[in-house]
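Order-wise, the sequence lines are chains A, B and C. Heads up: take any position in the first sequence, counting from 1, add 23, and you land on the numbering used here. Heads up: take any position in the second sequence, counting from 1, add 659, and you land on the numbering used here. Heads up: take any position in the third sequence, counting from 1, add 22, and you land on the numbering used here.
Everything labelled a hint here was simulated from the structure, so no lab data went into it. Virtual Cβ for every residue (Gly too), placed ideally from N, Cα, C. One or more of the hints may lead you astray.
As the list claims (entries may be wrong) - Derived DEER-like restraints, expressed as beta-carbon distance ranges:
1) B:1135 to C:187: 15 to 25 Å
2) C:285 to A:156: 48 to 58 Å
3) B:680 to A:68: 52 to 62 Å
As the list claims (entries may be wrong) - Coverage of chain C stretches by chain B, computed from C-beta distances (three or more under 8 Å per stretch; other residues unrestricted):
4) 130-141
5) 144-155
6) 186-193
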Amino acid sequence: MNAETRALLWLRLTALAVIGLGGVILTQTSQIGENLGYTIIGPRFFPTLVGIGFLILGGLLFLRLTMFPDQTLIDEVVAEERMIDWLMTATVLALLVVYAALLESLGYVLATTIFFALNSRVLGSRRLRRDVLIGFAIGIAVYLFFTRLLGVRLPAGLLSGLL
Amino acid sequence: MEVFQQLLIGFSHALTPQYLLLAAIGVTIGTAVGVLPGIGPALTVALLLPLTYNFDPTGALIMFAGIYYGGMYGGSTTSILLNTPGESASVATTLEGFAMATSGRAGAALATAAIGSFVAGTLSTLLLTFTAPWLARAALLFQPADYFALTVLAFVSVTALVGSSLLRGMISLFIGLFFGLIGIDVLSGQVRYTFGVVELLDGIDVVVVAVGLFAVGEALFVASQFRQRREEVLAVRSRIGMNREEWRRSWPAWLRGALIGFPLGALPAGGAEIPTFLSYTLEKRLSKHPDEWGRGAIEGVAGPEAANNAAFSGVLVPLLTLGLPTSATAAILLAAFQIYNLQPGPLLFQKAPDLVWTLIASLYVGNVMLLILNLPLIRIWIKILTIPRSLLYSGILVFGTLGVYSMSNSFIDVLLMYGIGVIGFFMRRFRIPIGPAILGLILMPLAEAHFRRALAISQGDLSVFVTRPIALSLLLATLVAIILPYLPVLINRLTGKRTPAGRLVFGQGEED
Amino acid sequence: MAPASPGGGWDSTARAMQTALAATTNQTVQVYNVSGAGGTIGLAQFVNEAKGKPHELMVGGLVMVGAIQTNKAPVNLSQVTPLALLTAEAEAIVVPADSKYQTMQELIEDFKANPTAISWGGGSAGGTDHILVGLIAKAVGVSPAQINYIAYSGGGEATAAILSGAVTAGVSGVSEFAEQVAAGTMRMLAVSSEQPIEGVNAPTLKEAGIDVALMNWRAVFGAPDLTAEQRAAVIAALEKMHASKEWQDALAKNGWTDYFRAGDEFSAFLNNEITRIEAVLRDLGLIQ
Chain A
24 MNAETRALLW LRLTALAVIG LGGVILTQTS QIGENLGYTI IGPRFFPTLV GIGFLILGGL
84 LFLRLTMFPD QTLIDEVVAE ERMIDWLMTA TVLALLVVYA ALLESLGYVL ATTIFFALNS
144 RVLGSRRLRR DVLIGFAIGI AVYLFFTRLL GVRLPAGLLS GLL
Chain B
660 MEVFQQLLIG FSHALTPQYL LLAAIGVTIG TAVGVLPGIG PALTVALLLP LTYNFDPTGA
720 LIMFAGIYYG GMYGGSTTSI LLNTPGESAS VATTLEGFAM ATSGRAGAAL ATAAIGSFVA
780 GTLSTLLLTF TAPWLARAAL LFQPADYFAL TVLAFVSVTA LVGSSLLRGM ISLFIGLFFG
840 LIGIDVLSGQ VRYTFGVVEL LDGIDVVVVA VGLFAVGEAL FVASQFRQRR EEVLAVRSRI
900 GMNREEWRRS WPAWLRGALI GFPLGALPAG GAEIPTFLSY TLEKRLSKHP DEWGRGAIEG
960 VAGPEAANNA AFSGVLVPLL TLGLPTSATA AILLAAFQIY NLQPGPLLFQ KAPDLVWTLI
1020 ASLYVGNVML LILNLPLIRI WIKILTIPRS LLYSGILVFG TLGVYSMSNS FIDVLLMYGI
1080 GVIGFFMRRF RIPIGPAILG LILMPLAEAH FRRALAISQG DLSVFVTRPI ALSLLLATLV
1140 AIILPYLPVL INRLTGKRTP AGRLVFGQGE ED
Chain C
23 MAPASPGGGW DSTARAMQTA LAATTNQTVQ VYNVSGAGGT IGLAQFVNEA KGKPHELMVG
83 GLVMVGAIQT NKAPVNLSQV TPLALLTAEA EAIVVPADSK YQTMQELIED FKANPTAISW
143 GGGSAGGTDH ILVGLIAKAV GVSPAQINYI AYSGGGEATA AILSGAVTAG VSGVSEFAEQ
203 VAAGTMRMLA VSSEQPIEGV NAPTLKEAGI DVALMNWRAV FGAPDLTAEQ RAAVIAALEK
263 MHASKEWQDA LAKNGWTDYF RAGDEFSAFL NNEITRIEAV LRDLGLIQ
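Just chain A, same shape as in the assembly (with noise of 0.2 Å):
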């Protein structure tokens, strides 16, 4: 499959999303529950309107794709098509989570020394001394700023002793 094959089958991908994210709000509306006090408009009305939107929306994102194609967008989704690296935004994807799910246990410092030192890696640096040093900088920086002048709480963690 060529760039070009693959952009266009990710575009038309994206209008049956858009379809099916409609389907889904459509569906969805029978589990709001009515009100039984007087109500004219009631709380299903305007869900029903967005999900018709979403339908009719995507139906013409597609049409437009499939019988009279956008050739300046095709090019510029083509041309980031070859360029792209799909490892490099999962992974940065994946460092992201792994962040969010260890704040609370390793605490907020640690938490984002690692992720700063690791995701700046993954987007080219090749420091990674100095970059352990700045996100470590980062890290006590906001931790003290918040809990101890804003009376934020973040999460101590293992340093729970130390800080």
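Starting from the structure of chain A, add chains B and C where the hints point.
Chains B and C only, in chain A's frame:
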């Protein structure tokens, strides 16, 4: 005039070296806290309010005004430099502001934001000084039908935000509308689209969506395109201030922004977001440089920033004259008054005139102080952009996560923000603009609630939207705003001429 | 823990307790906020994380009772340890100054004659204000399906709606309207307390012939699974706090009515309220 006398008394309280020092401290701390993404002015003030307990009422109010203006300006700094709006009212600033920063004009963007904030802040404080009681009465004329008409007018802003394709812009708008539906329905108390996640019961905070779509989406996008551009920096050089041309283009935008922001801020259910988007739309329509929009048009920063700042003075109108806290910040200000056993309301001007006029005077002082402190700081801020990309985006992600995490201490909220970031990534990938989604998210709950309230009160009679003069005129204004851009095209088509590339011609089928 | 954002009623209650407890126990007391969904998000977190920790306290109130039921929350108040009622505020029914209604009876006459023509403005659906309107409708024989209740998200917005004349009558806490009534822009028709309130020129609902009383109370809860000794110790500390000068000052400063009831007395009160509120919310269609 009595007002002048009172104001002079206010100044005589506010203008002592000790209080000026407090104002300076307030602005500095406010800016420092406000630049943290996710922490907008309201939260800044709430967090720093205890600091003001140590002073006498005058000192506290002056420091308070300083903190507020500092926090407000700090929020726009991150919008411009890091593409990360600190609060919903800075989203409109982000659109052109970050574009200016990436094209090496961060200095000018920050300068027009700072000076614009000052101009609009001062102008709107003047309006507050002289028109508050009258404006408060006028604002109370607004009923749900009128508010609904106002949100309809605000929806016109989408035409300025859609970018090159109307269809993709509308998809973005609807994504925002859907986000706006999530959570407990205010009117019926029914739960909608939470899919069993309790954290979604209160809906999705605009900051979570804005940080997700803008900052996380951008970071993921940059990562996906990394083969192309390695260790480069965003913009190496940037001038500090504005050149003559930029001054000339900023002035009218500041004034228009202030004039939009102040009255809309004064509406008890108006808010600061609608004026920023309306100002953005107006500036784009009036612009003589339509080709610059999306690539860093200075009016797009000047107008919304001024509107945002003026809206705050507007919010003070119902608070001081009617005792109605109409925004998060106003609610905190109310708390500040209560510390001194004062209940803002219709009787406040009689009960504690000294304090009220001191507060108003301190707003002028805070504005000046902001300008004095922050213009030199621009030099330091723009250095942020010389940080290598890898570190900068890691930093943006760290601060974005911090903003959302510190609001709720919730892992789920942070995951939600990352999830929205993934949506933002795909939106960037397929050229679906971000702005309309934020507009939809802000307007959906307002439009729906006011529409349903209006019909409940009228017992189902749809004519409320056309029989009330305010609602009718706002709806007519909407119609004009929609048709106006097409008028030159229509006229030219009728007379058989080609469309000139003049003003007012955006929105016509660029798509094809 | 205050299960609401900074600045609100539960938060200020928690912060007043912080001051008073710090003074009476000589320990540092920390307040943290977990806001959202009428306190149910905070409650869920409290149930999961504070189990068996006597030093963890949570502020809550009537709104939480309703929110647990309307939001189908996965946790409820039987999972925490009720410790003491702290304060209570009566609700007030007001009309704009230029309204044709001079007394509660006149309003109720029209309400009975044409229920949907009377729009009631107040706080969020299922909240205290809505519950009061439901109780009134029940007492005067109007079907809950006929209540035209217009919910607003905040006190300021509701007050503006009443002043603009958009809604017929407004319902909220007495203090919310006190300033407007004093300035003559609103007229208070009735209050929802058992006894008339000193300094408030309005009859109780009972005096106006409607057999309804409702107080918006705030209380403090302890962690789940406390032992009897732990519970007794915390209640003793709270009683000491209640007697302290700091707490009494806070009551006076905030205009809160003292409603202190500790231990079993509060537990009985709480069960009673839960049953009553559930019945109204079911009538209003908020629980299905």
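Quick rundown of the hints versus the structure:
Separated by about 23 Å at the C-beta atoms, residue 1135 of chain B and residue 187 of chain C satisfy the suggested range of 15 to 25 Å. The supplied range of 48 to 58 Å is met by residue 285 of chain C and residue 156 of chain A, whose beta-carbon atoms lie about 55 Å from each other. Our hint of 52 to 62 Å for residue 680 of chain B and residue 68 of chain A holds, since their Cβ atoms are close to 56 Å apart. Three residues within the 8 Å Cβ limit are the bar, and the stretch 130-141 of chain C against chain B gives 3, so the coverage statement holds.
With 4 residues bearing a CB less than 8 Å from a CB of chain B, the stretch 144-155 of chain C meets the requirement of three and the coverage assertion stands. Coverage of the stretch 186-193 of chain C by chain B holds in this model, with 4 residues showing a Cβ closer than 8 Å to a Cβ of that chain against a need of three.
Violation of the numbered hints given earlier is absent; every hint is satisfied by the structure.
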